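Take the sequence shown: its letter number 66 is residue 69 in the numbering used here, and every next letter is one higher.
Just so you know, the hints here were simulated from the structure itself, not pulled from any lab data.
Treat each hint with caution, since some may be false.
[To be verified] Derived DSS-like pairs: lysine-lysine, alpha-carbon spacing no greater than 25 Å straight-line: (1) K394 / K530; (2) K264 / K251; (3) K202 / K264; (4) K407 / K326; (5) K633 / K42; (6) K336 / K394.
None of the values given here were measured: they were computed from a predicted structure.
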Amino acid sequence: MGSNLYGIGLSGLQSSNARINTTGQNTANVDTEGYSRQKTNTSSSHVGGVEVRDTTRLVDNMINSQVRADTSNHSYYETYHNMMSLSDGLLAEDSVSLNNYLNDAFKALQAVNNDPASPGLRNLAHSSLGSLVEQYKVLSGMTAEQSRTVDNQLAASLTDLNALTKQVAKLNDEILQQESNSFSPANELRDQQELLAVKISEYIDTKTQFNDEGVMSISLANGQPLVLDRLAPELEMEPDPLDPKRIKLTVDLGRHEVGIKSEDLGGSIGALVDYRRDFSIDTDRTLGQSAISIADAMNQQNALGIDANGLLGRDLFSFADIKIQADKANTGKTPDLEVRVSPGNSANILKDTYELIKTGDSSFLVQTYDLNGEPSRRTATIDASAAPDKKGFYQVAELGVDLKLGDLSDYEMGDTFQFSPTQGMASTFQLAAKNGDDLALSGPMNVYTDSGNLSEAKISLSSVTNTNPDSSAFASNHGLYPNAPHSIHFMSNNEFQVRDANGGVLTSIDNVQDYQNLLEQAGLAEKAGFDVSLSSMPMAGDVFSMDMENIGVSNNFNGLLLGELQNENLVAGRQSVSESFSDLVAQVGSKSAELEGNVKSSEIIMNQSMARRDSISAVSLDEEAVNLLKYQQSYSASAQVITAARTTFETLLGAVR
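My request is simple: use the sequences and hints to build the entire structure.
Now the structure itself:
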């Protein structure tokens, strides 16, 4: 009995001592980051007394998983908001507002229209257009700088993430070694590992699992591995071969790399990737689309007028060539492939990525992809068996581009090429006009009301749509072709003839009720490239004529049309250039405000998850003080049991003697 009582007391001492040690460990680590409160487990022995089982961490894996998810979510919104609020602050500055420069440029155009012959006003308008071009470059540079900042942060974040995953893999090895050599779990190492998992979730959204041996594995939300037992494949970033402005994330598995989707990555890395796509790339292409739209519209309009030197207007603006990327899987030769914005069709230019694919012996498909890489409904086909234009281009007007394919034998079936017409175009925007004399403010022709006319009707130039010598009445020698409309003769007040330079009748029209756009009524306006109207009803014998002789610089017919472009829906056919930029600024501001709300709400949710974790795993000094007192008393009581056992045993020995 005494011996059994002695064993019971001794086991009680050991149990109390173990619990006191655990309480001391908990108390010592009350402020240690990531420490989980420990508990020593015991059970009643079948031979009497108590057995010390093990010392475990008090954790709830479901709550820990929620902490990681909420941490990732908060880190995503916080990083995204920091970047977006910086962009919002830059774009919202009046000093960099594109609209201010647009207003100045068109005010200068209005001023020179009041006095087209003034060299000073012409040069002021030219200078204002130059300032507008430079502001596009400034905004493009700001966007590019933001992109470089994001790329640097991404590279640094991936380096930190890979270092953390390697530490988790190393801890897996240390935990297995320690627990294989001891009956006690490696609690402190597992705490370190859990803390690393939370830090990893700040960078990217992950899933964490444990196998039967308690080894931690970490994977991305889409299943790509980050930690496999003792291995930690590296997450890497590289430019997309088809679009260097985009990036690809890959997992390096040694012998090969596996690409991962860049959507819904979560964490700060996911925020940087999304910001890069949703702001950096989108803003760059928005500015490019805007620059292309205003440049194309003004170039087309300037070509319809006469400049200060008496010549048909030339391009006011220019851009660098559109860059084309060939797919690495292409099997054909490198073709002489060129892409340009289709003149006059810039309203159809998309911010999308365009993909050209050879689909037949002489057929090609042009497919477009949005900023998320998803195919859009906008497609076009090219029949290369047909003849291209004089410069070798095939027009894809519905998508706003022309393509020069070169030698078709250089292509193999399935060869693929990508290009983004709006990407980087704002940074290559140039003012092609040398000075104010290049502004074609005058109309391209004169119209005359014969002095012998009987009526009060006056002729006016109502529209000019085409001055190309290849497809209009305007000859390359700056006159009208002899076979073009040169005069209109009224046989009665509702019947007229259109005659050429030699008096030959081109067409006769009767039953005239409307005196606007007479050439259109005669079916000649499109071919002629211009039209004329009368102010009132003419009389029989009235004659009206047109020519290009001695056009004066004081004419502002085309200059007024140039000025009206400010309010035209040039961008995608839906918005003016000013509206497009205002919409961009509003979108960035709205997104920034939305993210600010997300940051606050996600922080509250994250803190609640951490509070739930702490209610289970954090050390409470009050609770540990109570436990310490209880285990001290238990220790003293067990010592008394041993004393009682010794006294009993000595009494028995004395009785035997």
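Going through the hints against the structure:
no., hint, in the structure
1, K394 / K530, "holds (21 Å)"
2, K264 / K251, "holds (8 Å)"
3, K202 / K264, "holds (22 Å)"
4, K407 / K326, "holds (13 Å)"
5, K633 / K42, "holds (14 Å)"
6, K336 / K394, "holds (22 Å)"
Violated hints for the displayed structure: none, as all numbered hints are satisfied.
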